[in-house]
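Chemist: Each chain, letter by letter, is given below.
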Amino acid sequence: MSELLKKEREIVIPGEILAQGMDFLPGENTYRENDNIYAKALGLVYVSGRVIKITSLSGPYVPMVGDRIIGKVIDITMTGWRIDTGTAYSGLLNVKDATTRFIKKGEDLSKIIAIGDYVIVMITQVTSQRLIDLAMREPGLKKITGGRIMKINSHKVPRIIGKQASMVNLLREKTGCEITVGQNGLVWVRGTPEGELKAEGAIKRIEERSHESGLTESMDAFLGGK
Amino acid sequence: MKVALRKVWTRSWVVNKMTYSKRLDERKNDELRPMDAKAGVIPNADGSAYFRAGKTTAYVAVYGPRELFPKFKQDPKKGLLRCHYAMMPFSGSGERIRPGTSRRAQEISMVMEQALLPVIDLSEFPNSVVDVFVQLPQTDAGTRCAAISAAAIALADAGIPMKDMISSVAVGQVDGTIVADLSYGEESYPAVVSDIPVAMTHNTKQITLLQMDGEISKEDLVKALDAAKSATEKVYDVQMKALKSKFSVENKK
Chain X
1 MSELLKKERE
11 IVIPGEILAQ
21 GMDFLPGENT
31 YRENDNIYAK
41 ALGLVYVSGR
51 VIKITSLSGP
61 YVPMVGDRII
71 GKVIDITMTG
81 WRIDTGTAYS
91 GLLNVKDATT
101 RFIKKGEDLS
111 KIIAIGDYVI
121 VMITQVTSQR
131 LIDLAMREPG
141 LKKITGGRIM
151 KINSHKVPRI
161 IGKQASMVNL
171 LREKTGCEIT
181 VGQNGLVWVR
191 GTPEGELKAE
201 GAIKRIEERS
211 HESGLTESMD
221 AFLGGK
Chain V
1 MKVALRKVWT
11 RSWVVNKMTY
21 SKRLDERKND
31 ELRPMDAKAG
41 VIPNADGSAY
51 FRAGKTTAYV
61 AVYGPRELFP
71 KFKQDPKKGL
81 LRCHYAMMPF
91 SGSGERIRPG
101 TSRRAQEISM
111 VMEQALLPVI
121 DLSEFPNSVV
131 DVFVQLPQTD
141 AGTRCAAISA
151 AAIALADAGI
161 PMKDMISSVA
171 VGQVDGTIVA
181 DLSYGEESYP
191 AVVSDIPVAM
201 THNTKQITLL
211 QMDGEISKED
221 LVKALDAAKS
231 ATEKVYDVQM
241 KALKSKFSVE
251 NKK
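As given, the protein sequences belong to chains X and V, one line each in that order. Quick note, the first sequence lines up with residues 1 to 226 if you use this note's numbering. Quick note, the second sequence lines up with residues 1 to 253 if you use this note's numbering.
Treat the hints with caution; some may be incorrect.
Calculated pairs, EDC-like style, for lysine to aspartate or glutamate (alpha carbon to alpha carbon, straight line, at most 16 Å) [what the hints assert, rightly or not]:
no., chain 1, residue 1, chain 2, residue 2
1, V, K241, X, E10
2, V, K78, V, E95
3, V, K163, X, E208
4, V, K246, X, E208
No wet-lab data here; the hints were simulated from the structure.
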């Protein structure tokens with residue numbers, strides 16, 4: 001007999017038994033041993049069909065192909081730039097993936113992007129050893145100029161963006177700032193000094209209250225009243 | 001100082017003709033000291049925890065997975081777990097403890113790593129390191145157990161993949177009586193005493209730490225290890241509550 005031992009959206013800690021029997025399948029952050037499915041991380045239980053998975057509430061950002069992230073240039077190599085991704089692994093941005101402009105042999109790459117600059121880039125490849133390839137040749141991907149960078153928990157990024165980008169659009173509209181949210185938890189805000197401060201406060205507030213329902217409405221009131 | 005203590009104890013022992021039938025702090029033989037735990041006490045860390053058992057307090061901060069230096073220590077197959085144990089200078093009841101590492105601190109850091117590693121899965125983080133820093137502001141025996149119990153909470157809080165929780169407590173024998181969670185007074189009791197720190201996984205009850213100081217008979221050792229099973233279970237309840245309440249408090253806010 002198979003039995004689910006935890007409720008949907010219940011908080012579990014590592015090692016807790018989630019289900020007994022072979023009718024369920026272990027998904028993300030879970031594992032099977034004999035008849036039981038156990039939790040492998042701290043998080044919330046989700047059941048979809050027969051698959052049980054755990055959405056973790058904390059933990060490192062895991063680089064995924066297709067993610068748009070914000071990174072800091074930490075080094076310049078022969079063929080491109082080394083970017084700090086905010087994880088244990090740095091990414092490589094090759095010259096040919098960085099710009100459409102023709103670059104002469106032996107040209108000084110620091111004239112194009114210097115060490116310490118922030119860039120919005122997309123992850124194009126991640127290997128098993130966590131070597132990361134980056135690209136910057138799509139609309140919206142660019143070197144960052146001006147504004148400010150802030151760091152949030154990468155697990156809260158979906159709440160900052162909201163359903164169909166409703167939250168980030170609300171922030172843009174109410175603060176008049178240009179806002180880009182990297183999947184790795186780095187956020188770039190550029191606007192008037194007052195607008196930037198307001199946006200920063202709002203983003204911190206969303207991070208703190210990420211679990212609340214109806215957050216977009218309450219943020220609307222929060223930003224409107226100010 | 002130790003000599004003086006011993007004299008006082010011996011005298012009272014002789015006067016009262018006391019075998020160890022009642023514990024110094026009047027606990028039951030299988031009763032642990034009052035415990036208290038909290039997750040997420042250090043905002044700057046990726047994960048953190050506080051654990052208290054009686055007068056022993058441990059704070060743990062976890063950082064990582066992050067890039068590992070020196071580079072020759074990197075393992076391309078899995079991440080490394082690195083523990084750092086330190087008692088604060090004023091934490092003990094005796095002399096000031098010199099800050100910085102010591103032979104004892106190095107040993108405890110090593111046994112902590114070995115006690116925690118069996119449940120931690122760092123295969124997803126090659127070439128990286130997870131750093132675990134332990135500070136003990138106040139100590140009264142059982143520091144390595146408090147450190148391991150707190151570290152397990154902090155690692156779970158940091159979102160590190162773990163197959164199970166690790167709970168740790170000391171058991172032992174004082175003058176023929178099997179007791180759980182010895183205090184310093186019991187460890188230094190003037191009779192045949194043994195102090196056995198044990199760490200166990202929750203589900204399978206596998207032992208990941210087993211050390212001993214003192215003397216014990218084979219029969220008593222078996223009994224003591226049996227007592228450790230129910231004792232670590234009590235620690236586990238405190239750990240679970242600490243982790244769950246961190247997020248349920250957030251839910252109520």
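Chemist: Can you name, in rising order, the numbers of the hints this structure does not satisfy?
Modeler: Hints 2, 3 contradicted; others consistent.
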